[in-house]
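J.: Each chain is listed here by its residues.
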Amino acid sequence: MLNIILGAVALGSLWAVMTMGVYITFRLLDIADLSVEGTLVTGAAVGAVHITHGGNPWVATILALFAGLVCGAVTGLLHTKLKIPALLSGILTMIALYSVNLRIMGRANIALLNVPGVFTPLEKLPFMPWLAAHGIMTKNVAILICGVLVCLVVGLFLYWFFGTELGSAIRATGNNQQMVRAQGVNTDTMILLGLMLSNGLVAMSGALIAQNQSYADVQMGTGSIVIGLASVIIGEVLFGTKSFRRTLLSLTLGAITYRIIIALVLKAGMAANDLKLFTAITVAICLALPQIKSWWAKLKGGKK
Amino acid sequence: MLDLKNIYKTFNTGTINEKHALNGLNLHLDPGDFVTVIGGNGAGKSTMLNAISGVWPIDSGAIVINGADVTALPEYKRAAYLGRVFQDPMLGTAAQMEIQENLALALRRGKKRTLRWGITGEEREKYHELLKTLDLGLEDRLTTKVGLLSGGQRQALTLLMATLTKPALLLLDEHTAALDPKTAAKVLEISDRIIEEEKLTALMVTHNMRDAIAHGNRLIMLKDGRIILDIGGAEKKSLTVEDLLAKFASVAGEDLDNDRMLLN
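Chains A and B, in that order, give the protein sequences.
Numbered according to this note's numbering, the first sequence spans residues 5 to 308.
Numbered according to this note's numbering, the second sequence spans residues 62 to 325.
Straight line, CA to CA, 25 Å or less: simulated BS3-like cross-link-like pairs of lysine-lysine: (1) A:Lys87 / B:Lys138; (2) B:Lys284 / B:Lys297; (3) B:Lys173 / A:Lys85; (4) B:Lys138 / B:Lys173.
Hints were generated in silico from the structure; no laboratory data involved.
The following block holds chain B by itself, in its conformation from the complex (with noise of 0.2 Å):
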């Protein structure tokens, strides 16, 4: 479904800042694989993501999806694979359009752009159910420009624009770190539906253990751009919070000392 292949990327090399933020990272993921993604500050977590999107072109190693080498495809053509969320609520829509233009744009990734009009009334039929099932009351509002949405309803709809066209590959990258609790939760219980009902395949980046143990059957850590814990199966349904962080010293050599992950 989805390999990396011994993938390397430094920024800024060669300067002062020079950042190695993925040391030979190596991963494999099963069709309908849901796997959360925990690591500290730095660790590559977005990193990953950003090399699998193609948002730049990465220094080594390859970038497999759906049996197609996708390393040195740009970043709009990898979208054919892709549906993403982002952890800015801005990011992942157009402010000035509205909710049915944004969907409609979604609904056409991967497709050529033509002159046929933008946007059909069966098309808007479907977006008008599919918004219900959000239950935040946005269908009735397919004209609202998106800008007048909050944080939590923006990241709802990008979330279903991300799977509007089934993708081979979901990729949220912390998409509820910017939203309060309450409202994180429920984008969270969106997630978790979309994928189960689609049988899709993702990658879910979180800073919240918690999160990350409840959510997908497979869990990895990443540290100093790679992977250092992998945990399936049933392994992964008994995890503790605890286990997490024993696990993590054995294998790191130290204690887990980042509070963004700790105290949540």
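Chain A on its own, in the form it takes in the complex (with noise of 0.2 Å):
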């Protein structure tokens, strides 16, 4: 049990980047970009293919992360300069990546075994071995460790970004567009910075969950936004938005904990295959909690 426990929490470490990713459109910019599901698997894919030829995994994932700076700016362009609606947009790059993610792999799967990825060199220290004898497993333990810095690197930039003048002119941006055309700034240009760096996240979290699971798989991205979305909605509800710091750490709280219930869900008997529908019940669920509130309030006030 502590060992599916502590391997929803590394796996969760992982996906909180792409939390972060989902972050910044959905809330900052108030866009829902699906592109982040092909993005994630660009991600997964460039940094398999990097690994597989030899490369260092630390390389793989930053080239994972430039591969999903373009896949965000396609998705800036095709809104920002052609006035294709956001989500269309999203949509656009996330069925186009999808041949372009075939093209990247070079078939619809890469494994990754036998191959060092960034965690390889953790599951040496010193400790490992006690942790082990303890019947702890090791490779959880490292993944955790290389998340957690993951999400404290993202996370410490996320929050010096957002505060100069540019994140700040991107926050206005999602908030207001007329005001922030006013302050002289081109709100397209924010728009188009914001999705870069969105997807730039997602891929990069995207090459992590690949070495993570040891594959890269042309379907892997398939309901990754909704499972964003949870991330972020039990992150916010459970952990606080007071201040800024406090998001980003409710982000990556949230998107460990939505692998822990899933991981409990599980366990509990739940098939595999109902796991989507579970999600999106969830985030569904979430979404209208607002909605359901007011119903709930005026059938209260309607019997008294």
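Given two chains presented individually in distinct reference frames, assemble the corresponding complex, making use of the accompanying hints.
T.: Here it is in structure tokens:
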């Protein structure tokens, strides 16, 4: 049981990077960006190809980040320059990436067995044998250390970036484009930058997830936007959004909590095939909460 | 200072909703002019301000600010010259950001956004002092989210933001119309004070004839997308609502029958 939870926490810390990316578009820019379903795989594909060609796994992860930036730019240009609605721009990129991802990988999936990942060196830390002797899966500990490290770096970067003049302007764009233009900022550029950053993080997360599960698969992105949204909402509701620092922490904890919930329902006997339905229903309920609350208030008021 | 030369703008061209919003509009402002703009619904008041701001491109004509032809510039580039306050208090500020963050965004109007920190300690003190002058108690709420403020507070803040970096031209688009009378009077008073202290050139659209007469050094009336009355100098100072109605009738050849303007 401990190992199941540990595994979930470790996996969650990798998905947390993706969650921060989704947060940038969903909350800061107020756009539901579906391209992440494709960029997650692109990140995994780029990372896997680089690693199987004998590349350094960290370099592979950074390359994935850059691939994500490019994917985000495509969605951003479709939306801002060609005036295609944001949702549709994301869908177009997502569909296009399916083919692109197959091209990158050359086939539908790439196994990453017996090749070094970013976690491999961490498994040789001095205290690992001691943990192993106590029945703890050292691989999960290594993943967790790595995930927390990456989350910390990404979190610090985002905290700094969204505090700068440029970052503030991006945040304001999600609030009120009219106002931002009146302050002399090109809102198109801000949306483009936000989408790039978001997709960059998602792709990086994809590369890490692929290394964790030891394969990259062209289907692995399916439903990832919903997982990202679920993590964002769970994080916000359970851990608060008092300040930006707090929100970044909440997003990480939200992604981890989501993975723990999934691990528990699987353990409780839910069929793995039903997971996506379960996630979708959870997110639908969370998004509908304000409406449900107002119905509830009306119902109670009516009875009195 | 500002020159609008023969500006035309038609909306929904070629449809049954075709609307000639601006019809050969000409206007010249001298530095320091504070011009109030009145006119009935659809006269082109807001359209004129939007044309100056570059919300959409005009069909023909030219817009010159401080000798620079800005006709082809996009909205965000023209912002370097303009301070704007909108009718809707929600439009001028970013609701989910703090008061000080909104001010910091406005301080950098017309400047390139860099990776420098978005707000400095020095600025905070400046904002504190400036907010004090509004006398709305906002100076101690620098980190409050703007969405929590009332409409009047938001308009006063927007006004401060519009003038934080001195604009070549201040555009006030019925900025008190959505406020209750008491708050509206307060915001107008603040507008007057800032315009005078900073010696700003300003265009203020209003639907209230009394306000239009009481404020500014010049009054223009729009009808069907052009200026039909332009009153300045001593004549403006001694102007009454009755004068204005009589003048309108003689120029337009019809009585002014706009309840919204008359009942105020």
